[in-house]
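Undergrad: Sequence:
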Amino acid sequence: MRRSFLLMCLIAGPAFADVTSPSGKTVECYCTDTSGSRVELGQTICLQVDGRMFMAQCQMSLNLPMWREVQQGCMT
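So for the sequence shown, the working numbering puts the first residue at 68; every next one is plus one.
FYI, nobody ran anything at the bench for these hints, they're computed from the structure. Don't take each hint at face value.
Unchecked claim - Each pair of labels, with its calculated beta carbon distance range:
id, residue 1, residue 2, range
1, Leu131, Ser104, 15 to 25 Å
2, Asn130, Arg105, 16 to 26 Å
3, Val94, Leu114, 20 to 30 Å
4, Met127, Gly91, 12 to 22 Å
5, Lys92, Met133, 27 to 37 Å
6, Gly91, Cys141, 36 to 46 Å
7, Ser90, Leu129, 11 to 21 Å
8, Val94, Gly140, 10 to 20 Å
9, Gln115, Gly91, 38 to 48 Å
From the three backbone atoms N, C-alpha and C, an ideal C-beta is built for every residue, glycine too.
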């Protein structure tokens with residue numbers, strides 16, 4: 068199960084990477100982690116927020132990149 072989830076994340080990442088504006092230009096959309104590093108759309112990382120640790124995926128919502136919790140706790 069865990070292996071399937073990781074494989075889906077790796078395959079799905081590039082599919083969400085390009086966003087095209089109405090003018091036809093490609094817009095780079097991405098999330099940032101707590102250190103300010105770039106995280107690509109579709110990529111899943113462990114986040115720690117207010118003492119809680121969870122796996123979160125970088126996704127688009129209403130044309131904005133955002134973090135969505137996908138699993139409680141973090142994989143080791």
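Undergrad: Checked against the structure, which of the hints given earlier come out wrong?
TA: 5, 8
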